[in-house]
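Student: Taken in order, these protein sequences are the chains called A and D.
Each residue of the first sequence is one higher than the one before, counting from 1 in the working numbering.
Each residue of the second sequence is one higher than the one before, counting from 1 in the working numbering.
Everything labelled a hint here was simulated from the structure, so no lab data went into it.
Note that the structure is predicted; figures quoted are calculated from it, not measured.
Just so it is clear, CB atoms sit at the ideal spot from N, CA and C, and this is done for glycine as well.
Possibly wrong hints are sitting among the right ones.
Stated by the list, open to error - Among chain D residues calculated to face chain A with C-beta under 10 Å, some are:
| # | residue |
| --- | --- |
| 1 | Ile7 |
| 2 | Gly241 |
| 3 | Arg327 |
| 4 | Ala329 |
Stated by the list, open to error - Calculated from the model, a selection of chain D residues having no Cβ within reach of chain A, i.e. all distances over 10 Å:
| # | residue |
| --- | --- |
| 5 | Thr175 |
| 6 | Gly324 |
| 7 | Ser328 |
| 8 | Gln396 |
Residue strings, one per chain:
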Amino acid sequence: MIELEQVTKIYRLGQTKVVALDNISLEIQAGEMVAIMGPSGSGKSTLMAILGCLDIPSKGVYRLEGQPVEKLNENQLAQVRSRKVGFVFQQFNLLPRTNALENVMLPLLYDGVRGRSRYEKAKAALELVGLAERTHHRPNQLSGGEQQRVAIARALVNEPTILLADEPTGNLDTKTGEEIIGLFQKLHNEQGQTVIYVTHDAFIARHTQRVIRLVDGKVISDDPVAHPLVAGTPRPEDNLDG
Amino acid sequence: MNILESIRISIRALAANKLRSGLTMLGIIIGVAAVVALMSIGAGATRNITSQVQGLGSNLIAITSARSVRASGVGAQTTPLYYSDYQQIANDTTNVSGIAPTYQTTAQVMYGNNQSSFAVTGATPDFLGVNAYTVAEGRFITSYDNQSGARVVVLGSQAATDLFSGLNPLDRQITINGINFTVVGVLASKGTTSFFNQDEVILVPLETGYVRLFGGRAVVNGQRTLSSISLSAANANDVNGVIDQVEYILRRDHNLTLTDSLPFSVASQSQALSTLSSISTTLTAFLGAIAGISLFVGGIGIMNIMLVSVRERTREIGLRKAVGARRSAILTQFIVETVTMSLLGGILGILLGAAIAGIISLTGLITPFISISVILYAFFFAALVGLFFGIYPAYQAASLRPIEALRYE
Numbered sequence: 001m002i003e004l005e006q007v008t009k010i011y012r013l014g015q016t017k018v019v020a021l022d023n024i025s026l027e028i029q030a031g032e033m034v035a036i037m038g039p040s041g042s043g044k045s046t047l048m049a050i051l052g053c054l055d056i057p058s059k060g061v062y063r064l065e066g067q068p069v070e071k072l073n074e075n076q077l078a079q080v081r082s083r084k085v086g087f088v089f090q091q092f093n094l095l096p097r098t099n100a101l102e103n104v105m106l107p108l109l110y111d112g113v114r115g116r117s118r119y120e121k122a123k124a125a126l127e128l129v130g131l132a133e134r135t136h137h138r139p140n141q142l143s144g145g146e147q148q149r150v151a152i153a154r155a156l157v158n159e160p161t162i163l164l165a166d167e168p169t170g171n172l173d174t175k176t177g178e179e180i181i182g183l184f185q186k187l188h189n190e191q192g193q194t195v196i197y198v199t200h201d202a203f204i205a206r207h208t209q210r211v212i213r214l215v216d217g218k219v220i221s222d223d224p225v226a227h228p229l230v231a232g233t234p235r236p237e238d239n240l241d242g
Numbered sequence: 001m002n003i004l005e006s007i008r009i010s011i012r013a014l015a016a017n018k019l020r021s022g023l024t025m026l027g028i029i030i031g032v033a034a035v036v037a038l039m040s041i042g043a044g045a046t047r048n049i050t051s052q053v054q055g056l057g058s059n060l061i062a063i064t065s066a067r068s069v070r071a072s073g074v075g076a077q078t079t080p081l082y083y084s085d086y087q088q089i090a091n092d093t094t095n096v097s098g099i100a101p102t103y104q105t106t107a108q109v110m111y112g113n114n115q116s117s118f119a120v121t122g123a124t125p126d127f128l129g130v131n132a133y134t135v136a137e138g139r140f141i142t143s144y145d146n147q148s149g150a151r152v153v154v155l156g157s158q159a160a161t162d163l164f165s166g167l168n169p170l171d172r173q174i175t176i177n178g179i180n181f182t183v184v185g186v187l188a189s190k191g192t193t194s195f196f197n198q199d200e201v202i203l204v205p206l207e208t209g210y211v212r213l214f215g216g217r218a219v220v221n222g223q224r225t226l227s228s229i230s231l232s233a234a235n236a237n238d239v240n241g242v243i244d245q246v247e248y249i250l251r252r253d254h255n256l257t258l259t260d261s262l263p264f265s266v267a268s269q270s271q272a273l274s275t276l277s278s279i280s281t282t283l284t285a286f287l288g289a290i291a292g293i294s295l296f297v298g299g300i301g302i303m304n305i306m307l308v309s310v311r312e313r314t315r316e317i318g319l320r321k322a323v324g325a326r327r328s329a330i331l332t333q334f335i336v337e338t339v340t341m342s343l344l345g346g347i348l349g350i351l352l353g354a355a356i357a358g359i360i361s362l363t364g365l366i367t368p369f370i371s372i373s374v375i376l377y378a379f380f381f382a383a384l385v386g387l388f389f390g391i392y393p394a395y396q397a398a399s400l401r402p403i404e405a406l407r408y409e
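Using the sequences and the hints, build the whole thing.
Tutor: Quick look at the structure:
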């Protein structure tokens with residue numbers, strides 16, 4: 001479903017060129033749950049941005065459900081982001097002064113979904129992430145974990161093909177972080193949702209079926225996880241660093 | 001994403017920063033208020049002038065002395081209007097229903113201990129009809145008064161009030177430059193004020209004036225002179241014909257050729273009206289333009305704030321794009337924001353401008369006239385300012401690339 005073929009991404013920082021992704025090829029099937037790991041500057045976030053159609057490759061081909069993304073114009077890309085991709089950020093990125101329900105309705109607004117059905121869908125998404133009681137709270141009235149749940153509901157509300165999360169637990173304490181991972185597992189197990197997340201934390205990564213490691217913009221390993229952990233498994237003392 | 005959603009989002013964004021939005025709007029409010037107030041005052045002044053000139057009398061033609069340069073280039077001089085000119089014009093013109101020569105001077109007028117300086121006009125019986133006055137009490141100057149040099153005086157309504165403060169002036173004696181006159185009549189008020197008050201006239205028989213009041217200054221080259229001659233054409237259609245006749249007679253009697261410029265002004269009321277109203281219309285447009293400048297400055301203020309706002313909300317814009325907002329949706333959102341701000345400012349400005357006009361009319365100096373066209377002009381100009389100054393910041397916002405916008409700190 002996701003196919004990257006020799007994808008390279010080069011940024012220009014003033015005069016210097018930075019190769020963020022260097023000739024990456026990989027495939028991810030529908031229904032997989034994948035973790036992407038790597039040190040800072042390894043290109044994880046760039047890879048996520050490309051997978052989420054927030055950016056397009058400098059070279060190579062990215063096919064999402066068979067559609068080469070770099071051939072799309074700006075409006076078509078906006079539509080792909082709206083319908084096929086759900087993106088969760090480390091900083092949550094909720095709109096301030098806007099309640100949970102309205103935050104979740106935002107993607108539907110831009111997709112032209114009308115009044116009643118917009119409300120129903122957003123409410124259902126909030127129920128799915130366990131925030132049915134919090135629909136009218138504003139971000140500053142919610143805990144970090146709750147804010148991230150709102151962000152996940154927003155990512156899910158348009159029933160995307162893939163759910164992408166860039167360090168979703170990075171701003172949360174360990175326990176809350178594991179609850180969020182538990183939510184991803186639930187979505188994956190119960191709804192067959194394709195989930196891809198970036199993490200620094202090897203323990204968090206082991207809650208998936210497959211771990212891809214990046215260094216300097218290259219894939220250095222791509223291995224299945226022998227025994228994926230179930231969220232809530234006690235964290236071993238010696239395994240806190242990646 | 002429809003326009004109502006955009007308006008809702010915009011109002012929320014504006015409400016999120018009330019002080020800033022308010023101050024930005026203030027620029028537009030003041031600009032629009034200035035446009036509305038100044039243009040209303042201008043329109044009020046135009047109407048005032050129009051009604052006043054129309055009140056001067058119908059089909060009126062006024063002849064006055066004018067400084068002019070002769071074609072031979074000898075130099076500028078004032079050619080006096082002689083009493084004999086009046087006689088010639090009276091004899092030789094047709095289609096004239098009345099002709100009123102006047103000589104005006106300033107004199108000390110006293111009743112009891114009440115003394116002030118007035119313009120005193122020497123007039124003939126025709127003065128009443130030609131200048132569209134009516135007598136309220138008593139009678140007007142008669143031919144007999146003129147022939148006999150009677151020391152009688154007719155007062156305008158305001159002059160009567162000024163001198164007698166409520167007493168009935170009829171048959172009372174006043175002194176003009178120390179000479180006794182008997183009040184024989186009071187004119188009805190014309191009701192128009194400002195510029196010159198037509199109710200403040202003091203009229204004496206022209207002959208009496210020459211003999212008793214005007215003195216040597218009224219006589220040039222051994223001939224009596226006049227300040228002006230007013231004619232009333234029999235019909236509105238005759239006005240231009242009468243002007244031609246008068247100009248012909250004046251050229252003939254003053255030995256002027258057709259190439260010499262006429263040292264007299266022969267103007268009809270409608271000419272005066274169009275001249276005055278074109279002056280005041282120009283003035284109104286000028287005031288409007290000055291006020292427009294402040295509206296323009298207000299627009300620059302909006303643009304400045306919107307640029308700051310786009311910078312501040314970069315992450316928000318990035319997020320909106322990340323969840324599927326098209327370029328056009330972001331563009332619309334920001335343009336709607338500026339237009340909402342300027343329209344709101346425009347409405348408040350119109351109210352403020354109308355209030356200012358109202359306060360000015362309370363002073364009684366001038367009655368501003370607030371026309372629908374001024375309001376519409378101010379409203380649409382404000383909207384246009386919002387649109388014009390909103391486009392660039394909105395374009396900047398819409399052009400942000402989502403990934404860079406999201407990473408912006």
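Student: Against the earlier hints, flag every one the structure doesn't satisfy and list their numbers going up.
Tutor: 1, 2, 6 and 7
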